[in-house]
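If you read the protein sequences in the order shown, they are chains A and B. Reminder that position 57 of the first sequence reads as 57 in full-length UniProt numbering, one-by-one numbering, no gaps. Reminder that position 69 of the second sequence reads as 69 in full-length UniProt numbering, one-by-one numbering, no gaps.
Treat the hints with care, since some could be wrong.
Below, a list of computed lysine-lysine pairs in the BS3-like style, where the Cα atoms sit at most 27 Å apart [as the list claims (entries may be wrong)]: (1) A:K69 to B:K69; (2) B:K58 to A:K18; (3) A:K61 to B:K61; (4) A:K69 to A:K185; (5) B:K130 to A:K58; (6) A:K61 to B:K69; (7) B:K58 to A:K31; (8) B:K31 to A:K32; (9) A:K196 to A:K207; (10) B:K32 to A:K69; (11) B:K107 to A:K69; (12) A:K32 to B:K58; (13) B:K28 to A:K69; (14) A:K58 to A:K69.
Calculated from the structure, these hints are not laboratory results. If you're wondering where the values come from, they're calculated on a predicted model, not measured in any experiment.
Spelled out, the chains give:
Number of protein chains: 2
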Amino acid sequence: MSHYSKLENRLNYTFENKQLIIEALTHKSYKKPYNNERLEFLGDAVLDLIVGEYLFTKFEKSDEGILSKIRASLVNERGFTMIARAINLGEYIYISAAEENNNGRDKPSLLSNAFEAVIGAIYLEAGLEKARQISIALIEECHPKIDLDSLSKDFKTALQELTQATHGITPTYELLDSSGPDHKKEFVIAVTLDGKTIAKAKGRSKKDAQQKAAQIALKELKK
Amino acid sequence: MSHYSKLENRLNYTFENKQLIIEALTHKSYKKPYNNERLEFLGDAVLDLIVGEYLFTKFEKSDEGILSKIRASLVNERGFTMIARAINLGEYIYISAAEENNNGRDKPSLLSNAFEAVIGAIYLEAGLEKARQISIALIEECHPKIDLDSLSKDFKTALQELTQATHGITPTYELLDSSGPDHKKEFVIAVTLDGKTIAKAKGRSKKDAQQKAAQIALKELKK
Chain A
1 MSHYSKLENR
11 LNYTFENKQL
21 IIEALTHKSY
31 KKPYNNERLE
41 FLGDAVLDLI
51 VGEYLFTKFE
61 KSDEGILSKI
71 RASLVNERGF
81 TMIARAINLG
91 EYIYISAAEE
101 NNNGRDKPSL
111 LSNAFEAVIG
121 AIYLEAGLEK
131 ARQISIALIE
141 ECHPKIDLDS
151 LSKDFKTALQ
161 ELTQATHGIT
171 PTYELLDSSG
181 PDHKKEFVIA
191 VTLDGKTIAK
201 AKGRSKKDAQ
211 QKAAQIALKE
221 LKK
Chain B
1 MSHYSKLENR
11 LNYTFENKQL
21 IIEALTHKSY
31 KKPYNNERLE
41 FLGDAVLDLI
51 VGEYLFTKFE
61 KSDEGILSKI
71 RASLVNERGF
81 TMIARAINLG
91 EYIYISAAEE
101 NNNGRDKPSL
111 LSNAFEAVIG
121 AIYLEAGLEK
131 ARQISIALIE
141 ECHPKIDLDS
151 LSKDFKTALQ
161 ELTQATHGIT
171 PTYELLDSSG
181 PDHKKEFVIA
191 VTLDGKTIAK
201 AKGRSKKDAQ
211 QKAAQIALKE
221 LKK
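Between the sequences and the hints, there should be enough to build the whole structure, so can you do that?
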């Protein structure tokens, strides 16, 4: 049994051309005459179309602004790393010893790129329908609730992405107060950025208060 | 014969579902319960994949950085507007009277979006292969020489895109000098941005000198 047979089982797809899966799993650090970057280029476009069409069909009434937003929340390094981890892709990739010591098998960029490359390889060998079937199954497994609300409500993630892009730092959340009886507790959370409080909010749970504070912070920062 | 039959002939594709082509041709200004924005969202991803795969296959030895660069030079508003004009798409789009008076039928954004929507509609009805066949024929017709050299050599366009993005202005080219006998003329061109010279170059023709100056300017601005 080859090294990657278990991966093929998990994907529910067996490559005819084994060179394709080997290439998809080969990180450039491995110093072979090939690596997975070209397949990643292809897979990226395949996934963009597959997810775009999936949303186009699922949300018949949503305009293209909403569709783009939801797609961006699924088709990104974080989303693909999640899928790569779910299929243990890190176990199967070929990387250099140096990359290995550098925790390469668990690096988001490496995992996400390898996932795109694997989908690119399936597309090349078996076509769009097969690639669609496999990637939609994995996306639905990792995002059990793809809907407008749950995707657009993740304000903490949106805030983190914004502050990392604009300030190069991650916001922190601080519990300022909790009060009330157990069945009706209230939490007050502050979001701070680089030591400065940018928003506060109350909520029924810490998570709820954090999301609300992140939402207010997002508005503030976008002003 | 319907309004858009000539367009169907030009595309070499006849829609079964006429509502699809009507939707693809309807600009949002036309105030119908539908418009071409959702199809444009889909067509954009379809074209990204089609052109990506075309380049992946055509340039077997090129790494993904080069492929991305060439794709970006083909898949953009300018490129799609060129194709839209070649098929006279502006004649067939449905726009409001106000947009009509505003020269809407010749607006790059409107033409480019309508082209993407038409490809999205063909993809939906007839699948990826048909969409590929039609769009590659049009792309090859409008870009007779898709190769690394001729695409990457268009430094003037790259410079203009950069300065518009970063400074909101377009560079200008000035002939500083021309010398030598007719069969061996030499031209000196300066690129200026907002009145300030950012690069100079010599060339065998004005066009050649402009390209060289643009290339130097690009390097300067990217520093």
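Status of each hint after checking the structure:
1. Using a Cα cut-off of 27 Å, the hinted pair A:K69 and B:K69 holds, with the two alpha carbons roughly 25 Å apart.
2. Restraint check for B:K58 and A:K18: satisfied, since their Cα atoms lie roughly 22 Å apart, inside the 27 Å limit.
3. A hinted pair counts as satisfied when its Cα atoms are at most 27 Å apart, and A:K61 with B:K61 does not qualify at roughly 43 Å.
4. A distance of roughly 34 Å separates the Cα atoms of A:K69 and A:K185; the hinted pair therefore is violated under the 27 Å criterion.
5. For a cut-off of 27 Å, the pair hint linking B:K130 to A:K58 stands: about 23 Å separates their Cα positions.
6. For the hint linking A:K61 to B:K69, the alpha-carbon distance of about 34 Å lies beyond 27 Å, and the restraint is violated.
7. With a C-alpha separation of about 24 Å, the suggested pairing of B:K58 with A:K31 holds against the 27 Å cut-off.
8. For the suggested pair B:K31 and A:K32, the alpha carbons sit about 56 Å apart, so the restraint of at most 27 Å is broken.
9. Between A:K196 and A:K207 the alpha-carbon distance is near 20 Å, which keeps this suggested pair within the 27 Å criterion.
10. Restraint check: the Cα-Cα separation between B:K32 and A:K69 comes to about 24 Å, which is no more than 27 Å; the hinted pair holds.
11. A distance of roughly 26 Å separates the Cα atoms of B:K107 and A:K69; the hinted pair therefore holds under the 27 Å criterion.
12. For the hint linking A:K32 to B:K58, the alpha-carbon distance of about 22 Å falls within 27 Å, and the restraint holds.
13. With a CA separation close to 20 Å, the supplied pair B:K28 and A:K69 stays within the 27 Å bound.
14. Distance restraint check for A:K58 and A:K69: the Cα-Cα separation of roughly 14 Å lies within the 27 Å cut-off, and the hinted pair is therefore satisfied.
The structure is inconsistent with the numbered hints 3, 4, 6 and 8, although it conforms to all the rest.
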